[in-house]
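Letter by letter, the chains look like this.
There are 4 protein chains.
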Amino acid sequence: MTQEQLQECIDECLRCVQACNYCYKSCLEEESVDMMKDCIRLDRECADICAFTAQALTQHSTYSTELCRLCADACERCGNECSKHHHSAHCQKCAEACFRCAEVCRKMIA
Amino acid sequence: MTQEQLQECIDECLRCVQACNYCYKSCLEEESVDMMKDCIRLDRECADICAFTAQALTQHSTYSTELCRLCADACERCGNECSKHHHSAHCQKCAEACFRCAEVCRKMIA
Amino acid sequence: MTQEQLQECIDECLRCVQACNYCYKSCLEEESVDMMKDCIRLDRECADICAFTAQALTQHSTYSTELCRLCADACERCGNECSKHHHSAHCQKCAEACFRCAEVCRKMIA
Amino acid sequence: MTQEQLQECIDECLRCVQACNYCYKSCLEEESVDMMKDCIRLDRECADICAFTAQALTQHSTYSTELCRLCADACERCGNECSKHHHSAHCQKCAEACFRCAEVCRKMIA
Numbered sequence: 001m002t003q004e005q006l007q008e009c010i011d012e013c014l015r016c017v018q019a020c021n022y023c024y025k026s027c028l029e030e031e032s033v034d035m036m037k038d039c040i041r042l043d044r045e046c047a048d049i050c051a052f053t054a055q056a057l058t059q060h061s062t063y064s065t066e067l068c069r070l071c072a073d074a075c076e077r078c079g080n081e082c083s084k085h086h087h088s089a090h091c092q093k094c095a096e097a098c099f100r101c102a103e104v105c106r107k108m109i110a
Numbered sequence: 001m002t003q004e005q006l007q008e009c010i011d012e013c014l015r016c017v018q019a020c021n022y023c024y025k026s027c028l029e030e031e032s033v034d035m036m037k038d039c040i041r042l043d044r045e046c047a048d049i050c051a052f053t054a055q056a057l058t059q060h061s062t063y064s065t066e067l068c069r070l071c072a073d074a075c076e077r078c079g080n081e082c083s084k085h086h087h088s089a090h091c092q093k094c095a096e097a098c099f100r101c102a103e104v105c106r107k108m109i110a
Numbered sequence: 001m002t003q004e005q006l007q008e009c010i011d012e013c014l015r016c017v018q019a020c021n022y023c024y025k026s027c028l029e030e031e032s033v034d035m036m037k038d039c040i041r042l043d044r045e046c047a048d049i050c051a052f053t054a055q056a057l058t059q060h061s062t063y064s065t066e067l068c069r070l071c072a073d074a075c076e077r078c079g080n081e082c083s084k085h086h087h088s089a090h091c092q093k094c095a096e097a098c099f100r101c102a103e104v105c106r107k108m109i110a
Numbered sequence: 001m002t003q004e005q006l007q008e009c010i011d012e013c014l015r016c017v018q019a020c021n022y023c024y025k026s027c028l029e030e031e032s033v034d035m036m037k038d039c040i041r042l043d044r045e046c047a048d049i050c051a052f053t054a055q056a057l058t059q060h061s062t063y064s065t066e067l068c069r070l071c072a073d074a075c076e077r078c079g080n081e082c083s084k085h086h087h088s089a090h091c092q093k094c095a096e097a098c099f100r101c102a103e104v105c106r107k108m109i110a
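Chains as they are written, first to last, in UniProt numbering: chain P, 1 to 110; chain V, 1 to 110; chain L, 1 to 110; chain E, 1 to 110.
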């Protein structure tokens with residue numbers, strides 16, 4: 001793993017935190033929150049795991065590999081849920097950020 | 001501040017984390033999530049602030065006082081919202097935990 | 001998994017957070033910090049992972065199993081390091097809390 | 001507060017997390033950790049507060065103002081400690097990141 005790969009992974013995790021938290025906040029402001037409940041829950045779980053992973057990576061944590069694996073799983077699950085909501089721009093943007101982050105995390109542990 | 005007061009404050013913060021997160025999860029499973037959106041948002045904010053404060057207190061952080069003040073504010077606001085939902089047992093339990101935690105945090109900074 | 005098991009696991013994680021953070025703070029106050037550097041690093045990593053796992057468990061997170069596994073690993077590694085420091089009461093107490101938490105986390109994923 | 005200001009503040013908080021955690025890790029690898037104990041402690045406190053503030057800002061949290069104030073305090077204190085270590089490149093870089101983050105946080109609450 002090069003320094004560039006590490007930095008790329010930190011950056012994608014942090015971008016994903018932002019996209020997930022923005023999607024979370026926006027889902028809670030939708031007229032019909034009922035349809036968005038899985039999205040709300042997965043957004044916050046994914047944001048928390050991405051933020052935790054980014055913090056660990058910046059400390060060169062002993063558990064970087066395990067956290068990248070967990071992060072990739074959380075991002076994929078959140079991205080799959082978000083990508084179902086075709087009408088919602090924040091969900092589509094969130095799905096993109098999730099899939100990109102998952103991909104970079106998978107590269108880290110390859 | 002005695003060791004007993006410190007421990008009491010840590011314990012109440014952690015109890016409040018549990019009550020808020022349980023309330024959050026339960027609100028998202030309600031039939032009508034729409035009515036609970038403020039509760040959902042404030043539950044998670046309060047849980048995060050309580051958890052962060054508890055971690056800081058266990059490290060005897062430089063910022064314990066400021067965090068206890070913020071924690072008391074977050075608990076009161078969350079408790080006020082939760083206590084509006086008379087029909088909901090998890091909201092009532094959450095409000096109780098929030099008000100107790102706020103009180104103990106206020107004592108810490110008095 | 002019963003409700004009692006879940007609560008036991010949350011409680012042990014939170015006890016471990018406290019023991020690790022107390023050990024961390026105490027190590028930094030030792031006369032010779034040099035000998036304690038692995039302990040310092042592993043204490044904080046373990047505390048963060050235990051706190052994160054406890055938060056996830058209280059939300060009935062999708063990733064409870066993965067986090068309990070990671071938490072057990074972090075606790076064992078931290079406990080192994082701490083148990084080397086025979087002279088230090090806080091390290092011995094921390095090692096105990098770590099091994100107990102690891103055991104309860106392993107039961108959760110069994 | 002404009003969207004640009006919010007994003008600038010999130011970005012500076014996250015840059016400061018990285019600088020503090022890198023400084024923390026590097027201090028623990030120094031030959032003489034004894035001299036760096038305040039730096040180690042303040043680095044991690046500052047990193048945690050910056051990370052927490054950034055997460056809150058991305059959620060448009062109710063407590064953004066209070067957290068920016070706390071974050072500015074933590075950054076200044078950490079920056080002041082780090083800037084004493086003239087010989088250490090990671091401390092100097094950390095101090096710079098801290099002071100920049102403090103400044104942007106102060107602008108947010110002005």
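No lab work stands behind these hints, which were simulated from the structure alone.
Please note: incorrect hints may appear among the correct ones.
Where chains are identical, the list cannot tell them apart; a pair therefore holds if satisfied intra-copy or between any two copies.
List time: in silico DSS-like cross-link candidates among lysine-lysine, alpha-carbon distance up to 25 Å [said to hold, decoys possible]: (1) Lys25 - Lys107; (2) Lys37 - Lys84; (3) Lys107 - Lys93; (4) Lys93 - Lys37; (5) Lys25 - Lys84; (6) Lys37 - Lys25; (7) Lys37 - Lys107.
Go through the copies and call it for lysine 25 and lysine 84: within, between, both or neither, with a Cα cutoff of 25 Å. This pair counts as both: shortest intra-copy Cα distance 18 Å, inter-copy 22 Å.
Under a CA distance limit of 25 Å, which applies to lysine 93 and lysine 37: within one copy, between copies, both, or neither? Both ways: lysine 93 and lysine 37 sit 18 Å apart in one copy and 22 Å across, limit 25 Å.
Under a CA distance limit of 25 Å, which applies to lysine 37 and lysine 107: within one copy, between copies, both, or neither? neither (31 Å within a copy, 31 Å between copies)
When no copy is named, should lysine 37 and lysine 84 be tagged within, between, both, or neither for a Cα gap of at most 25 Å? both (13 Å within a copy, 22 Å between copies)
At most 25 Å between alpha carbons: which applies to lysine 25 and lysine 107, within, between, both or neither? between (30 Å within a copy, 24 Å between copies)
How would you label the pair lysine 107, lysine 93 (within, between, both, or neither) given a Cα cut-off of 25 Å? For lysine 107 and lysine 93, the Cα distance is within 25 Å only inside one copy (22 Å; across copies 29 Å).
Is it within, between, both or neither when you check lysine 37 against lysine 25 at 25 Å Cα-Cα? both (12 Å within a copy, 10 Å between copies)
Hint check: a violation occurs at hint 7 only; the rest are consistent with the structure.
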